Amino acid sequence: MGKLFDPALIIEYAPLILSRLPVTLLIVFWAIVGGSVLGTLLALARIHKVPFLNGAAVFFISFVRGTPILIQMFIVYYGLPLLLMYFGINITRWAKLNFVLVSYALNNAAFLAEIIRSAILSVPASQSEAAWSVGLSASQTFRRIILPQAFRTAFPAFGARVINAMQDTALAFTLGILDILGQAQAIGIRTYHTLEGYVVTAIIFIVASLLMEHTFAFIERRRLAR
Amino acid sequence: MISVKNVHKTFGKNEVLKGVDIDVKRGEVVVILGPSGSGKTTLLRCINFLEKADEGELNIGDISVHFRHATRQEILRVRRRTAMVFQSYNLFNNKNAIENVMEGLVTARKIPKGEAYETAKKELDKVGLSDKYNAWPSQLSGGQQQRVAIARAVALNPDVILFDEPTSALDPELVGEVLSVMKSVAREGITMLVVTHEMSFARDIADRVIFMDEGAIVEEGLPRDIFTRPKERRTKQFLDRILLKDEYVKDDYAI
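Residue numbers (our numbering), protein chains in the order written: chain A, 456 to 681; chain B, 55 to 309.
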């Protein structure tokens with residue numbers, strides 16, 4: 456069986472595991488894009504206290520924040536097909552990855568909704584009044600004046616959420632997704648060398664997190680400094 | 055040109071406007087004076103629908119709306135015929151000086167960008183900010199910000215510009231530059247409805263002065279009549295208080 460921990464295997468496994476990085480990044484990408492769109496809608500429902508939707512948003516956000524993402528993923532995986540069946544939509548043949556993308560988007564929507572909501576509320580009402588006074592409509596005011604200023608406020612927290620979202624992807628392998636962790640797991644089962652693969656994924660996570668962190672900090676300094 | 059009739063507004067139990075009528079002719083400069091809490095600012099905000107009046111009518115050009123029943127479309131039409139200069143400037147923080155002036159032209163009035171840029175440049179030049187086109191609001195002094203705000207209002211070529219205490223938030227040494235810009239706007243023949251505590255502006259520039267107290271108009275007339283021989287006791291008391299303060303200030307500086 457050889458050594459329990461063979462550093463040479465780290466080098467050997469690295470390319471195999473790294474080749475699955477696009478899957479991890481794909482999950483992060485759709486989690487953030489889907490989460491931002493849905494999160495903005497949730498934030499608007501809460502800010503404008505839209506009947507029913509406001510209550511639904513509050514419930515959804517506290518549900519997501521109060522349960523582990525693993526459970527959310529299982530609920531989506533087993534529950535969503537049943538739910539959509541009622542509406543005559545059959546998704547039982549969906550790829551597993553789609554369920555992962557949906558769960559991570561929903562999860563991030565809840566966190567991003569709160570970030571977006573507080574950022575929107577931090578823009579003074581006088582900015583809207585000025586926009587209305589020059590004849591902008593409500594939606595023009597939101598898109599051209601409020602959202603850009605809210606984005607600036609939200610940016611640091613948004614960056615932190617992206618990095619969190621990447622680390623959260625580490626549970627996707629439980630549905631059998633071959634992302635970097637899924638690949639490390641698969642190698643471990645095949646070769647009985649589990650630890651080496653995990654070391655590789657740890658290194659990938661750290662490097663990717665640092666890269667993102669520095670990129671966000673750079674953007675903040677360069678583009679958003681006023 | 056612009057008239058409001060019978061404006062009523064209540065905040066909770068507090069009746070702020072108790073049936074105000076104002077009629078402003080084209081090109082006229084009307085100054086509203088009055089102690090704080092007299093409803094002057096609320097009146098301006100009602101005209102622009104930043105507050106929803108409970109009662110009353112608004113006529114501006116050919117538009118005629120009832121304050122309480124105005125639809126979203128009507129409110130937008132009124133706002134596209136008026137402009138407002140705020141006490142705390144309210145420049146768009148995500149836009150530089152020239153973009154602040156262009157925003158209403160491009161987004162609300164659908165004027166092509168190039169044309170709007172030329173208009174904005176011209177208006178910023180007129181308020182003496184030809185070297186500040188690309189400055190962010192945070193890089194400008196209060197007086198400069200307010201001048202951008204005036205350029206933003208004038209560029210829209212509105213039927214009336216509403217000035218809500220435009221110099222009240224400024225450091226004393228910056229009041230002069232804003233007042234002189236307002237004077238040149240008045241000289242261009244732009245219709246102005248101004249709430250201010252600047253007596254010199256009211257005396258020298260206004261065509262008419264309206265004195266408000268406790269949510270109603272107490273008296274109105276030519277500035278020289280109001281200032282030299284007010285008919286109402288409340289007007290006289292207010293002017294004495296304000297002018298006395300001005301005298302004190304002058305005396306202080308005279309030494």
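Do not rely on the hints blindly, as some may be mistaken.
As the list claims (entries may be wrong) - Here are the simulated DSS-like pairs of lysine-lysine, each with C-alpha atoms no more than 30 Å apart in a straight line:
(1) B:Lys106 with A:Lys504
(2) B:Lys186 with B:Lys79
(3) B:Lys237 with A:Lys504
(4) B:Lys186 with B:Lys106
(5) B:Lys285 with B:Lys72
(6) B:Lys290 with B:Lys149
What the hints assert, rightly or not - Distance windows between CB atoms, simulated:
(7) B:Gly66 with A:Gln622: 34 to 42 Å
(8) B:Ser90 with A:Glu675: 52 to 60 Å
(9) A:Ala615 with B:Leu298: 42 to 50 Å
(10) B:Lys167 with A:Leu576: 51 to 59 Å
Worth flagging that the hints you see were computed from the coordinates, not collected in a lab. Quantities reported herein were computed from a predicted structural model and do not represent experimental measurements. Glycine included, each C-beta is placed from N, C-alpha and C at the ideal position.
Status of each hint after checking the structure:
The suggested pairing of lysine 106 of chain B with lysine 504 of chain A holds, with an alpha-carbon distance near 20 Å, which does not exceed 30 Å. Note on lysine 186 of chain B and lysine 79 of chain B: the hinted pairing is violated, with a Cα-Cα distance of about 34 Å set against a maximum of 30 Å. Proximity of lysine 237 of chain B to lysine 504 of chain A is assessed by CA-CA distance (about 45 Å); at most 30 Å being required, the pair is judged violated. The hinted pair formed by lysine 186 of chain B and lysine 106 of chain B fails the criterion: a straight-line CA distance of about 36 Å is larger than 30 Å.
Restraint check for lysine 285 of chain B and lysine 72 of chain B: satisfied, since their Cα atoms lie roughly 21 Å apart, inside the 30 Å limit. For the given pair, lysine 290 of chain B sits about 45 Å from lysine 149 of chain B by alpha-carbon distance, which is inconsistent with the 30 Å threshold. Here the CB-CB span from glycine 66 of chain B to glutamine 622 of chain A is close to 50 Å, at odds with the stated 34 to 42 Å. Serine 90 of chain B and glutamate 675 of chain A have their C-beta atoms about 42 Å apart, which leaves the hinted 52 to 60 Å range violated.
In this structure the hint that alanine 615 of chain A and leucine 298 of chain B lie 42 to 50 Å apart at CB is violated, the actual value being about 58 Å. Between lysine 167 of chain B and leucine 576 of chain A the CB atoms are about 31 Å apart, so this pair departs from the stated range of 51 to 59 Å.
Taken one by one, the earlier hints fail for this structure at numbers 2, 3, 4, 6, 7, 8, 9 and 10, listed in ascending order.
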